[in-house]
Amino acid sequence: MKKNHIFEIVHLIIIFILSMAIVSYDSNLTVLNDDSEIGILSTFEIVVENSEKPTEEKSDVVIVKLPVFLVEDFFEEFTENGIISKKTEDSLVLYTYDKDKYIIKLNEIKNNCIDFFEKLSIDNSFIKKVEYNDVFNEISLIVDKDVYENGTNFTINLDIRTKSLIYQYFANMDIFAIRVDITVIDEQTDKIIGFSILSENTQNSDDEYEKLMEIYNWLVDDIWNKGFSKIFHYGQMSEGITDSDFNINTDLENFHDEMQKKVEYNEFILSIDNVQYAEIQIKWEILLSEIEKQYKICVNNPVIKNDTHYPLEVEKFRKLLDVFCDEIMVLR
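When we follow the working numbering, the leftmost residue of the sequence shown carries the number 1, and every step to the right adds one.
Misleading hints may appear alongside valid ones.
As the list claims (entries may be wrong) - With beta-carbon atoms standing in for the labels, derived distance ranges:
(1) 210 / 305: 25 to 31 Å
(2) 305 / 207: 42 to 48 Å
(3) 103 / 176: 20 to 26 Å
(4) 220 / 263: 16 to 22 Å
Said to hold, decoys possible - As a list, the in silico EDC-like pairs of lysine to aspartate or glutamate whose alpha-carbon atoms are at most 16 Å apart:
(5) 316 / 290
(6) 262 / 292
(7) 110 / 144
(8) 305 / 290
(9) 293 / 307
(10) 119 / 146
(11) 191 / 146
(12) 129 / 144
(13) 110 / 138
(14) 262 / 214
Hints were generated in silico from the structure; no laboratory data involved. Fair warning: this is a prediction, and the values are worked out from it, not measured in the lab. We put the CB at the ideal spot given by N, CA and C, even for glycine.
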């Protein structure tokens, strides 16, 4: 009897423990069901949702930073539509574009560049072929060497640099990645006969500035004072001034000798590996083109005393000279 009684007591204890466990389990289900109709599965889904990173809102605007000189001289044609705001900081102009219109404008500029490079060999017979990369900072010109070295390349290099810089800046390329490499290759020999680099990776040096000052003095003294200005005024000599005051034949010989330096100076300026010289290089190529034009007038038209209709255009040259010299002074 005692054994049966002990067994019943143990049995009751086991039933009580199991009952409490069931009540506890039901209680947990009730708590979960208060939060969701599908209990534990719903809790798992909530954990996953909470673990996701919030979605970042995409910007609807693009800020484009352009050098002041590029905006002033060449860029206004690209800034008509889509601009939200414009401000100037240091030497940069910051345009805030509507993103969709920015993309349209970037594609427009890119297509404009492609069209320009594709037409170079059509519009210039001495250029036989043009090769370029997708960001227009590596350009190869395959040319007729004799015609190229005769001086017809100055304004073309200017146009290439302008198109390239406009695209790279507008595409928001890293400032230190912006460059324009122009390689000129002889069609007959496949050898490189010309090369110029423009980039942001080099700082101004004293040697470069001293060379620019040498060019500055050459332009002002030898090309202007003793060259174009003297030749022009020889045709407008007043009474009392004799031929010996000018000695025009000697002056012309000296002028022709000085003109030979333009090749060396041109190679130096275009080889400066620094985007901070971009404006000087652009102004130089414009000026050099005008020097070539006026020099040909001197060569093809004999200088005659008292010829008040001598076709030399000194005023235009003087304005371009002043602009270029001002750029050199800015570097001081």
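Consistency of the hints with the structure:
no., hint, result
1, 210 / 305: 25 to 31 Å, "violated, 39 Å"
2, 305 / 207: 42 to 48 Å, "holds, 44 Å"
3, 103 / 176: 20 to 26 Å, "holds, 24 Å"
4, 220 / 263: 16 to 22 Å, "holds, 19 Å"
5, 316 / 290, "holds, 8 Å"
6, 262 / 292, "holds, 10 Å"
7, 110 / 144, "violated, 28 Å"
8, 305 / 290, "violated, 24 Å"
9, 293 / 307, "violated, 20 Å"
10, 119 / 146, "violated, 21 Å"
11, 191 / 146, "holds, 14 Å"
12, 129 / 144, "holds, 10 Å"
13, 110 / 138, "holds, 15 Å"
14, 262 / 214, "holds, 12 Å"
Going through the hint list in order, the structure does not satisfy hints 1, 7, 8, 9 and 10.
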